[in-house]
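Participant: Put chain B on the given structure of chain A with help from the hints.
Top line first, the protein sequences correspond to chains A and B. Going from the first sequence to the working numbering is simple: count from 1 and add 150. Going from the second sequence to the working numbering is simple: count from 1 and add 150.
For the record, the hints were derived by calculation from the structure and aren't laboratory data. A couple of the hints might just be wrong.
No copy labels: a pair is met if it fits in one copy or bridges any two.
Stated by the list, open to error - EDC-like cross-link-like pairs, simulated, lysine to aspartate or glutamate; straight-line CA separation at most 16 Å:
hint, residue 1, residue 2
1, K246, D179
2, K173, E279
3, K173, E262
4, K286, E240
5, K261, E293
6, K286, E225
7, K333, D247
8, K173, D247
9, K336, D313
10, K173, E304
11, K333, D266
12, K336, D266
13, K333, E304
14, K333, D313
15, K246, D266
16, K263, E210
17, K173, D290
18, K340, D313
19, K263, E219
20, K173, E197
21, K336, D247
22, K212, E197
Number of protein chains: 2
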Amino acid sequence: MMRQGILIVLSGPSGTGKGTICKELLQNDSNLHYSISATTRPPRTGEVNGINYWFILPEEFKEMVEHGELLEWAEVYGNYYGTPRRYVTEMLHSGKDIVLEIDTQGALQIKEKFPDGVFIYIVPPSIRELAARINKRGTDSPEVINRRLNAAYEELACAYQYDYIVVNDQIVAATAKITAIIKAEKCRVKRNAGLIDVVCNRESTD
Amino acid sequence: MMRQGILIVLSGPSGTGKGTICKELLQNDSNLHYSISATTRPPRTGEVNGINYWFILPEEFKEMVEHGELLEWAEVYGNYYGTPRRYVTEMLHSGKDIVLEIDTQGALQIKEKFPDGVFIYIVPPSIRELAARINKRGTDSPEVINRRLNAAYEELACAYQYDYIVVNDQIVAATAKITAIIKAEKCRVKRNAGLIDVVCNRESTD
Chain A
151 MMRQGILIVL SGPSGTGKGT ICKELLQNDS NLHYSISATT RPPRTGEVNG
201 INYWFILPEE FKEMVEHGEL LEWAEVYGNY YGTPRRYVTE MLHSGKDIVL
251 EIDTQGALQI KEKFPDGVFI YIVPPSIREL AARINKRGTD SPEVINRRLN
301 AAYEELACAY QYDYIVVNDQ IVAATAKITA IIKAEKCRVK RNAGLIDVVC
351 NRESTD
Chain B
151 MMRQGILIVL SGPSGTGKGT ICKELLQNDS NLHYSISATT RPPRTGEVNG
201 INYWFILPEE FKEMVEHGEL LEWAEVYGNY YGTPRRYVTE MLHSGKDIVL
251 EIDTQGALQI KEKFPDGVFI YIVPPSIREL AARINKRGTD SPEVINRRLN
301 AAYEELACAY QYDYIVVNDQ IVAATAKITA IIKAEKCRVK RNAGLIDVVC
351 NRESTD
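For reference, chain A alone in the conformation it holds in the complex:
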């Protein structure tokens, strides 16, 4: 029985540790693949084209939007982010699971197109902790940090539109929770239509 892959969407305020959790998940699960977003924002130190993002020009982004090549896209702080459609649909059809690390605007667009996706919102233990983490990263100006924290309050209200909330107080524990969510989702009745027929038919073919 060929099973369709599962689309997993991870969101959460900037600085919550989504990226680290994603990396852990991908290391532990060879059936899980990462959907690389396209963006018009410049790379941060250490970010590599084709690994962290597809860094593209605004004109290229616009063209992808016009040709329907993006599953979702959004503008965040003046930059554009989007999910290329082709890779995601190909992976899902071949039974591979896909993880998308996207913002809440994008997640809600994906939810309309993939209602069977698994939507997970990652939260920091507290806003104070979040501020400390963003400061520690040292890649953003004080003005940007302030804007991010204010946005975090607003974004947190979107959490209730997701299926799961995972508090990231410890990377290992938070990753284990998401691993359990993926394992559990594979057992959901809606993803196993036909399983009962298989159970019964094995007898009748005897």
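Facilitator: The following block gives chain B in isolation, referenced to the frame of chain A:
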């Protein structure tokens, strides 16, 4: 933040290995407690009153039904089975998780009263495998075995009314899936109302 316990309902055709899985789950998770059913059927070899079931007389069962002391009850093969209400509600209120091992009739009654319960249907890899397991147990007459297998076909159709389906081909793997389901369910948004307030308030109390 005090969290209500989770009610977990396990069902599946007779001989599927529900009992063994239940035992494993309880051994691995100290927050999980077993709801002992009351029944009017005689004990099988090795079954102990107050551990496997509360073995009671038909008059006592009738009295419990009349006094509303059962969350669900059903007649199966001429015997009565029911879930005493008090233990379950007390455990859930004190944040303990409860596992009920009951038949599909009972499970659907529980679903009406506890829509937030987690309903898991355990299936054998095949009906043929199920027949082999029941035969091996050697506690039932050939007539009873036949009746059970015919019932299994009908019962399997009820699986689609559950939340999850777990194939029990290996006890350890099936138990791990149910452990993952319980872990995942604790992260569900509907069980974490108020979590976001906690995340934000920790900052404001500073």
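Participant: Each of the hints needs a verdict: does it hold here or not?
Facilitator: Now for the hints, and whether the structure bears them out:
1. Taking the shortest alpha-carbon separations for K246 and D179, only the intra-copy value of 11 Å comes in at or below 16 Å, while the best inter-copy value is 31 Å.
2. In this assembly of identical chains, the alpha carbons of K173 and E279 never lie at most 16 Å apart, being 21 Å within a copy and 40 Å across copies at closest.
3. Within a single copy, K173 and E262 get their C-alpha atoms no closer than 26 Å, and across copies no closer than 41 Å, so neither meets the 16 Å cut-off.
4. For a Cα distance limit of 16 Å, the shortest separation of K286 from E240 qualifies neither inside one copy, at 38 Å, nor across copies, at 46 Å.
5. When the C-alpha separation of K261 and E293 is checked against a cutoff of 16 Å, the pair qualifies neither within a copy, at 32 Å, nor between copies, at 51 Å.
6. For a Cα distance limit of 16 Å, the shortest separation of K286 from E225 qualifies neither inside one copy, at 25 Å, nor across copies, at 63 Å.
7. Proximity of K333 and D247 under a CA criterion of 16 Å is satisfied intra-copy only: 11 Å inside one chain copy versus 20 Å between copies.
8. For a Cα distance limit of 16 Å, the shortest separation of K173 from D247 inside one copy, 14 Å, qualifies, whereas the shortest one across copies, 32 Å, does not.
9. Both within a single protomer and between protomers do K336 and D313 lie at most 16 Å apart by alpha-carbon distance, with minima of 15 Å and 11 Å respectively.
10. Taking the closest pair of Cα atoms, K173 and E304 never come within 16 Å of each other, the shortest separation being 26 Å inside a single copy and 45 Å across copies.
11. Taking identical chains as interchangeable, the C-alpha atoms of K333 and D266 lie at most 16 Å apart only when both belong to the same chain, with a minimum of 15 Å there against 20 Å between chains.
12. For the identical chains of this complex, K336 and D266 are intra-copy neighbours only, at 11 Å inside a copy versus 19 Å across copies, given an alpha-carbon limit of 16 Å.
13. Proximity of K333 and E304 under a CA criterion of 16 Å is satisfied in neither setting, with 31 Å inside one chain copy and 28 Å between copies.
14. Taking identical chains as interchangeable, the C-alpha atoms of K333 and D313 lie at most 16 Å apart whether they share a chain (15 Å) or sit on different chains (14 Å).
15. Taking CA atoms no more than 16 Å apart as the test, K246 paired with D266 passes inside one copy only; the shortest distance there is 15 Å, against 30 Å between copies.
16. In the homo-oligomer, the alpha carbons of K263 and E210 never lie at most 16 Å apart, since the shortest distance is 23 Å inside one protomer and 55 Å across protomers.
17. For the homomeric pair K173 and D290, neither the shortest alpha-carbon distance inside one copy (22 Å) nor that between copies (52 Å) is at most 16 Å.
18. For the identical chains of this complex, K340 and D313 are neighbours both inside a copy (15 Å) and across copies (8 Å), given an alpha-carbon limit of 16 Å.
19. When the C-alpha separation of K263 and E219 is checked against a cutoff of 16 Å, the pair qualifies only within one copy, where the shortest distance is 14 Å, while the shortest distance between copies is 47 Å.
20. When the C-alpha separation of K173 and E197 is checked against a cutoff of 16 Å, the pair qualifies only within one copy, where the shortest distance is 14 Å, while the shortest distance between copies is 49 Å.
21. Within a single copy, K336 and D247 get their C-alpha atoms as close as 10 Å, which meets the 16 Å cut-off; across copies the closest is 22 Å, which misses it.
22. For a Cα distance limit of 16 Å, the shortest separation of K212 from E197 qualifies neither inside one copy, at 23 Å, nor across copies, at 70 Å.
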